[in-house]
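Chains Z and V, in that order, give the protein sequences.
Residue 291 in our numbering sits at position 291 of the first sequence; the count goes up by one each step and never skips.
Residue 775 in our numbering sits at position 308 of the second sequence; the count goes up by one each step and never skips.
Incorrect hints may appear among the rest.
With the C-beta cut set under 10 Å, the calculated list includes, among others, these residues of chain Z facing chain V [what the hints assert, rightly or not]:
(1) THR66
(2) PRO69
(3) GLY460
It should be emphasised that the hints constitute simulated quantities derived from the structure, not laboratory data.
Even for Gly, the Cβ is constructed at its ideal location relative to N, Cα and C.
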Amino acid sequence: MPLPLQTRNRHLLWRAGFGPAAGMAQALADSPTHHTLKALEADSRRPFLPLTIPTGTAQPDDPSGTTSPQDRQRRNRERIRQLNIAWIDRMVSGEQMLREKMALFWHGHFAARHNNPDFVEGLLNAIREHALGDFGTLLRKVCQSPAMLAFLNNQQNRKQRPNENFARELMELFTLGRGHYTEADVRDAARAFTGWQFDAQGSFRFRAEAHDDGPKTVLGVTGRLTGDDVIGILLDRRETADAITRKIWRHFVDEQVDEAAVQRLSRRFFASRYDIAGLMHDIFASEAFHEPRHIGRQIKSPVELIVGIRRMLPMRIAQPEVQILLQRILGQVLFYPPNVAGWPGGRHWIDGASLMYRLQIPQMVAQRDWPAPRAKDDDDQDMGTSRRPGRGSRITLDTRIDWEPVYQSLTDVKRERLPEAVAALLWQTTTPPDVSGLDARPDTSSREALIRSALIRLMGSPEYQLC
Amino acid sequence: MPIDRKDFLRTGSLATASLMIPRFLKAFEGPGALPPGNRIVVVLQLSGGNDGLNTVIPIRNDIYYRERRQLAIRRTDALALTQEAGLHPALTAFRDLHDEGHLAVYNGVGYPNPDRSHFRSMDVWQSASDADTVLQSGWLGRYLDARCAGGQRPTRALEIDDTLSMALRGERIKGLAIADPRRLNASANDPWLRNRIAHTTADSDAPVDYLYQTLAQTLSCTEYIQRHSRQRPTNAPYPDTELARNLKTIASLIHSDIDTQVYYLSLGSFDTHANQDDRQRRLFEELNGAVKAFTDDLKANGRFQDLLLFTFSEFGRRVRQNGSNGTDHGKANNMFLVSGALRRQGLLNPMPDLTHLDDGDIPLALDFRQVYATVLERWLDTPADPILGRPFAPLDFI
Numbered sequence: 001m002p003l004p005l006q007t008r009n010r011h012l013l014w015r016a017g018f019g020p021a022a023g024m025a026q027a028l029a030d031s032p033t034h035h036t037l038k039a040l041e042a043d044s045r046r047p048f049l050p051l052t053i054p055t056g057t058a059q060p061d062d063p064s065g066t067t068s069p070q071d072r073q074r075r076n077r078e079r080i081r082q083l084n085i086a087w088i089d090r091m092v093s094g095e096q097m098l099r100e101k102m103a104l105f106w107h108g109h110f111a112a113r114h115n116n117p118d119f120v121e122g123l124l125n126a127i128r129e130h131a132l133g134d135f136g137t138l139l140r141k142v143c144q145s146p147a148m149l150a151f152l153n154n155q156q157n158r159k160q161r162p163n164e165n166f167a168r169e170l171m172e173l174f175t176l177g178r179g180h181y182t183e184a185d186v187r188d189a190a191r192a193f194t195g196w197q198f199d200a201q202g203s204f205r206f207r208a209e210a211h212d213d214g215p216k217t218v219l220g221v222t223g224r225l226t227g228d229d230v231i232g233i234l235l236d237r238r239e240t241a242d243a244i245t246r247k248i249w250r251h252f253v254d255e256q257v258d259e260a261a262v263q264r265l266s267r268r269f270f271a272s273r274y275d276i277a278g279l280m281h282d283i284f285a286s287e288a289f290h291e292p293r294h295i296g297r298q299i300k301s302p303v304e305l306i307v308g309i310r311r312m313l314p315m316r317i318a319q320p321e322v323q324i325l326l327q328r329i330l331g332q333v334l335f336y337p338p339n340v341a342g343w344p345g346g347r348h349w350i351d352g353a354s355l356m357y358r359l360q361i362p363q364m365v366a367q368r369d370w371p372a373p374r375a376k377d378d379d380d381q382d383m384g385t386s387r388r389p390g391r392g393s394r395i396t397l398d399t400r401i402d403w404e405p406v407y408q409s410l411t412d413v414k415r416e417r418l419p420e421a422v423a424a425l426l427w428q429t430t431t432p433p434d435v436s437g438l439d440a441r442p443d444t445s446s447r448e449a450l451i452r453s454a455l456i457r458l459m460g461s462p463e464y465q466l467c
Numbered sequence: 468m469p470i471d472r473k474d475f476l477r478t479g480s481l482a483t484a485s486l487m488i489p490r491f492l493k494a495f496e497g498p499g500a501l502p503p504g505n506r507i508v509v510v511l512q513l514s515g516g517n518d519g520l521n522t523v524i525p526i527r528n529d530i531y532y533r534e535r536r537q538l539a540i541r542r543t544d545a546l547a548l549t550q551e552a553g554l555h556p557a558l559t560a561f562r563d564l565h566d567e568g569h570l571a572v573y574n575g576v577g578y579p580n581p582d583r584s585h586f587r588s589m590d591v592w593q594s595a596s597d598a599d600t601v602l603q604s605g606w607l608g609r610y611l612d613a614r615c616a617g618g619q620r621p622t623r624a625l626e627i628d629d630t631l632s633m634a635l636r637g638e639r640i641k642g643l644a645i646a647d648p649r650r651l652n653a654s655a656n657d658p659w660l661r662n663r664i665a666h667t668t669a670d671s672d673a674p675v676d677y678l679y680q681t682l683a684q685t686l687s688c689t690e691y692i693q694r695h696s697r698q699r700p701t702n703a704p705y706p707d708t709e710l711a712r713n714l715k716t717i718a719s720l721i722h723s724d725i726d727t728q729v730y731y732l733s734l735g736s737f738d739t740h741a742n743q744d745d746r747q748r749r750l751f752e753e754l755n756g757a758v759k760a761f762t763d764d765l766k767a768n769g770r771f772q773d774l775l776l777f778t779f780s781e782f783g784r785r786v787r788q789n790g791s792n793g794t795d796h797g798k799a800n801n802m803f804l805v806s807g808a809l810r811r812q813g814l815l816n817p818m819p820d821l822t823h824l825d826d827g828d829i830p831l832a833l834d835f836r837q838v839y840a841t842v843l844e845r846w847l848d849t850p851a852d853p854i855l856g857r858p859f860a861p862l863d864f865i
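Sequences are here, hints too, so could you generate the full structure?
The structure is reproduced here in structure tokens:
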């Protein structure tokens with residue numbers, strides 16, 4: 001028996017986006033899944049709009065030139081936080097959701113940290129612009145971004161004194177994967193990227209005087225190779241298409257890799273010269289993607305969890321920065337990946353403490369204040385200046401939730417069936433959710449109160465962590 | 468087991484929690500606790516990059532005094548350990564431990580090709596990887612993997628904090644982060660959720676069951692820790708600082724018969740780019756008072772010979788001070804080892820050679836993984852090679 005349209009559509013919206021909004025319930029029950037996919041794709045084909053760091057709150061440099069380095073660092077961190085919130089807001093809005101979801105994937109794939117907010121913004125927009133374009137262009141843009149060049153030490157990669165960090169990560173993490181290149185390949189590729197630098201304005205510059213234009217051999221190709229040549233050589237390898245496709249499968253379909261399916265997808269991806277939108281369409285339009293064994297099996301990342309809650313419960317948050325504290329506690333702060341390999345994901349998101357906090361978030365949203373947990377110091381973010389809240393202090397999450405869309409989506413549901421209907425809104429299960437015992441609570445004074453109470457409890461469950 | 472809701476609400480969540488723990492976890496609460504005499508490791512992370520050169524001070528080194536015109540600590544202020552080395556004046560308890568033969572110091576500890584980024588270098592120290600390798604698990608987590616092959620016992624390694632460090636994340640088993648065992652855990656008070664937890668099945672690998680298992684285990688462990696923290700609470704005096712409170716919690720757990728072998732906690736931030744003196748002194752005062760109370764407590768209770776406490780930082784700091792009376796990110800650093808069972812005491816290797824700096828930094832003298840190998844093999848009786856990925860020669864301090 002095929003799964004209900006609702007389940008299929010929600011599955012698609014969670015994997016290709018950040019989950020459904022409450023107001024979508026009716027549409028999700030009625031539209032064929034390929035229509036939902038078409039709408040997502042068409043929306044993300046609209047012109048790309050860069051995200052910019054909102055101006056205003058952060059003080060500009062003192063024109064007299066007396067801004068201290070500490071003040072500048074503080075302001076830079078503040079601007080990166082603003083970009084974080086701006087991107088989260090964009091994800092919540094549902095505009096070009098497939099593009100933003102892909103961008104979040106690439107943000108983990110091309111993991112870089114930098115303390116210059118303009119560089120961070122530049123890399124983010126390169127990734128967002130080409131998130132669904134062709135992988136070759138995306139890769140070149142990333143490799144020429146100051147954030148990545150600086151993060152992987154390519155400014156220090158010079159003729160006579162090569163630094164291999166950039167070339168190694170390019171092969172190991174961005175393209176081929178371990179085992180498909182030799183140390184000699186890394187050494188010569190590093191020489192090819194000498195001279196790839198950026199200037200004080202943050203523009204890519206090729207500096208011929210730092211470039212080693214001698215002959216090199218990378219993956220069997222010999223010549224006076226440049227960085228561009230090396231990227232071309234890497235894109236010519238099927239292993240690159242395989243590695244990207246496999247990672248996308250794990251991220252968007254299932255941690256368990258179906259190698260035969262990956263090979264089929266990868267062949268088409270490679271033949272299309274790395275058309276990312278085409279690969280994603282192949283995946284989302286396939287019957288395999290909608291198989292019950294893939295549904296509700298993925299642990300949401302902290303960002304997916306936070307954005308998903310805000311999409312289901314539209315809310316105004318008086319102090320949006322609290323969302324960054326949440327990201328820290330749950331282990332995923334945008335623009336601060338744990339290392340060059342990005343967030344490992346899956347069960348790595350979960351430990352006893354982080355799971356407890358995940359379950360508390362809905363209550364915190366509804367109750368407005370909660371005991372303040374304390375994120376670990378991150379000296380790249382704090383520069384030793386963090387002030388952790390004291391024990392027993394509370395954080396106020398001043399939210400105004402708009403419950404109307406949720407109420408409206410449940411208007412036709414009989415009162416005694418409300419808990420199940422709310423569970424069906426929230427949980428990705430292939431069998432009807434069993435929520436017996438849920439309504440045995442005193443606060444069933446009104447239909448709305450029952451909905452609110454059931455929703456907060458069902459969101460604060462292990463099931464809601466999955467999509 | 469059906470639970471009477473009224474009864475549940477009346478007695479509160481934790482009083483009845485043991486009724487709600489799924490059967491597969493019950494076994495875990497029986498035998499397996501450590502008898503007294505078992506060894507304990509306390510890892511104290513000095514986050515942010517502590518300036519080791521103003522911690523163990525080369526009191527007869529002209530280069531030190533030349534490179535640190537404002538920041539150098541005068542020979543007369545330092546707490547002398549030897550003719551050439553003295554401790555920061557705030558570290559009186561460490562000087563006393565040294566004089567009793569309960570302190571060992573390694574200089575120049577680090578790893579080849581060091582990274583000056585906080586997060587990358589901390590990653591290397593916590594995962595025990597090479598500088599150019601990224602691992603997603605921590606060395607103590609892999610210790611849990613190796614030791615807990617039969618059943619999951621995350622209480623073997625506790626971090627006293629709200630969030631869990633990578634060091635305690637294994638491939639299969641993760642340690643437990645708990646900020647305050649006495650604080651009620653309000654997260655899972657919902658009787659409906661409690662009931663679902665009680666019906667968790669152990670034999671399924673489905674993601675939802677994995678989450679319920681983790682939740683059940685966390686509640687069970689929390690309760691187990693709470694019970695033990697009350698079993699023999701220490702009444703020794705501790706200062707009123709966060710580190711001291713955390714060490715007091717650990718002492719109470721050590722005095723009980725809990726199965727925990729590894730405790731992890733951190734103090735910071737030592738990222739002293741500007742006005743270093745003040746900040747480092749304040750942090751050292753907290754460190755000194757807390758460690759003194761803790762070691763006194765364990766001595767009084769006859770457990771000091773079972774303790775090994777060591778400190779580390781993700782890197783040391785540059786030899787030359789910067790223009791803001793601070794120091795910038797450096798490389799190798801020193802480590803303190805405190806125990807009632809040291810086989811070698813005092814300075815275990817030479818003070819850093821400031822005439823042969825590594826690009827302005829203290830040169831590497833000892834790979835930190837040799838210290839880890841020693842802790843694993845000689846203190847925790849666990850083969851180190853599988854955990855550290857390749858052989859590192861153990862040292863002889865214990």
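Here's how the hints hold up against the structure:
1. THR66: Result: violated, 14 Å to nearest chain V Cβ.
2. PRO69: 8 Å, holds
3. GLY460: 7 Å, holds
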